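Trainee: The lines below spell out each chain.
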Amino acid sequence: MSPGSRYQKIHPLAVRITHWVNAFAILIMVVSGWRIYNASPLFGFRFPDDWTLGGWLAGALQWHFAAMWLLALNGIAYLTYGIVSGHLRRKMLPLRPSAVLHDIGNALRGRLAHDDLTVYNAAQRAAYVGVIAIITLLVLSGLVIWKPVQFHALGALMGDYEGARYIHFFAMSALVFFVFVHVLMVALVPRTLPSMFTGRVRTKT
Amino acid sequence: MKRKGMAASLDDFSRREISSVERRIFLKRGLSVGALTLLSGCDVTNQQSVQKVLTAMSRWNDRVQDLIFDPARLAPEFPESAITRPFPFNAYYGIDQVRTVDPSTYRLEISGLVREKRPWMLPELYELPQTSQITRHICVEGWSAIGKWSGVRFSDFLDRIGADKTARYVGFKCADDYYTSIDMPTALHPQTLLTLRFGDQILPPEYGFPMKLRMPTKLGFKNPKHITALFVSNTDPGGYWEDQGYNWYSGS
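Just so you know, the sequences run in chain order G and H. Here my numbering is used: position 115 in the first sequence is 115, and no number is missing along the way. Here my numbering is used: position 68 in the second sequence is 1068, and no number is missing along the way.
Just so you know, these hints were derived from the structure itself, not from any lab. Just so it is clear, the structure is predicted and the values come from calculations on it, not from any experiment. Hints may contain errors.
As the list claims (entries may be wrong) - Once the Cα atoms are required to be at most 30 Å apart in a straight line, the calculated DSSO-like pairs of lysine-lysine come out as:
| id | chain 1 | residue 1 | chain 2 | residue 2 |
| --- | --- | --- | --- | --- |
| 1 | H | K1117 | H | K1165 |
| 2 | H | K1173 | G | K147 |
| 3 | G | K91 | G | K9 |
| 4 | H | K1148 | H | K1165 |
| 5 | G | K147 | H | K1052 |
| 6 | G | K147 | H | K1117 |
| 7 | H | K1173 | H | K1052 |
| 8 | G | K91 | H | K1052 |
| 9 | H | K1117 | H | K1173 |
| 10 | H | K1148 | H | K1173 |
Using the sequences provided together with the hints, build the complete structure.
Mentor: Next up, the structure:
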């Protein structure tokens, strides 16, 4: 963008692509995962079958173990890009707890400013770093559930097979909560949505 | 594999009944229409092409699991106090339909790429050197239970019958018309056990009398019960659940 342009670039192409691939992969993983959960629920409820993918346990497992590659490879691509290019450092740091609490307080009172979309506020930084951590935890606990003998050392950190099932479930719950808040915030600040396709926003002058 | 229609609701059934419910919905299995409409670009008519990709990914996952599998890595063993009591029954039928096998007429048939093809009688099997293990049985449904199994180390048995250990598969046929197959590296794993006893008793009918193959490195459904025949082959023999879409390798 040349100086004085009415548009400003906020999301690099690599971030936009990996964002939408990730969104697709997560959708598949969550709705097929719900079907797998239903085969042997950890708690006294099941997910409605109409919200799930796969039709039966074998179908859900096929979706889950196919989409896991998409999720993991896309995640590795995103993190590699983010670290090598400095994108993660520029956009997510510094991350100070006091600033996070301050911005969450403002957000809850409807006072969080969104004038400058080129900079993530502290609440956003915490949420995005947090969801990266949650997805990482989902992948690691998923590996333990998938191959508890081969990844036994990793499983030992998670209470073995049964512990990893609970971690996987609660991490999924946290991820779904993130998606809910994320989509709610997009609805409240709608001009953020087209920017995740085009990569740019109209700057206020 | 064709996937048609919507699956029946499982909501009202307890976990123990899941396997029988899953059996009833074999022919109804398919992608839920509700979930499919979530996937942009995929509609119901695309099911077969989607299924082709999923099946190819499952085969890919077989190869990946074969690479990940460490023939020397042992599944964790537990103390007697960790044993799950009662140990859950699971099969593709209900517990009221458990097959009874007559020990006096029982023969284990051997075929395929082996030197000694004579059938084995039960007393002969009981006389072979036995070993035991307390390991975690993990079901593809997600639950797990710890049990104690004793029997003949399968690699020793394969030695005895002169099996071609360079062959790719060992297949099993069972008295309850179940069938499955495993890869040779898993067959040779030190914890793969031709199981004749559960706990300290002769294997009861519900756990697979007279013999089951116990593999703590595979999911439960890969552990066949009531085995009546085994064969060594280079052609994939498939399996009862595997042929319906469950992952063939299903390692742990």
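Trainee: Take the hints in turn and mark each one as holding or not.
Mentor: Status of the hints after comparison with the structure:
Distance check on the hinted pair: H:K1117 and H:K1165 sit about 15 Å apart at the alpha-carbon level, within 30 Å; holds. At most 30 Å may separate the alpha-carbon atoms for a hinted pair to count; H:K1173 and G:K147 meet this at roughly 26 Å. The suggested pairing of G:K91 with G:K9 holds, with an alpha-carbon distance near 13 Å, which does not exceed 30 Å. Distance hint between H:K1148 and H:K1165 is fulfilled; the C-alpha atoms sit about 27 Å from each other, no more than 30 Å.
Under the criterion of a C-alpha separation no larger than 30 Å, the hint pairing G:K147 with H:K1052 is consistent with the structure, at around 25 Å. With a CA separation close to 35 Å, the supplied pair G:K147 and H:K1117 exceeds the 30 Å bound. Among the hinted pairs, H:K1173 with H:K1052 is consistent with the structure: their alpha-carbon atoms are about 28 Å apart, no more than 30 Å. A threshold of 30 Å between alpha carbons decides the hint, and for G:K91 with H:K1052 the separation of about 41 Å lies outside it, so the pair is violated.
At most 30 Å may separate the alpha-carbon atoms for a hinted pair to count; H:K1117 and H:K1173 meet this at roughly 15 Å. Of the supplied pair hints, the one linking H:K1148 and H:K1173 holds, its CA atoms being roughly 23 Å apart against a limit of 30 Å.
Consistency note: the structure conflicts with the earlier hints numbered 6 and 8.
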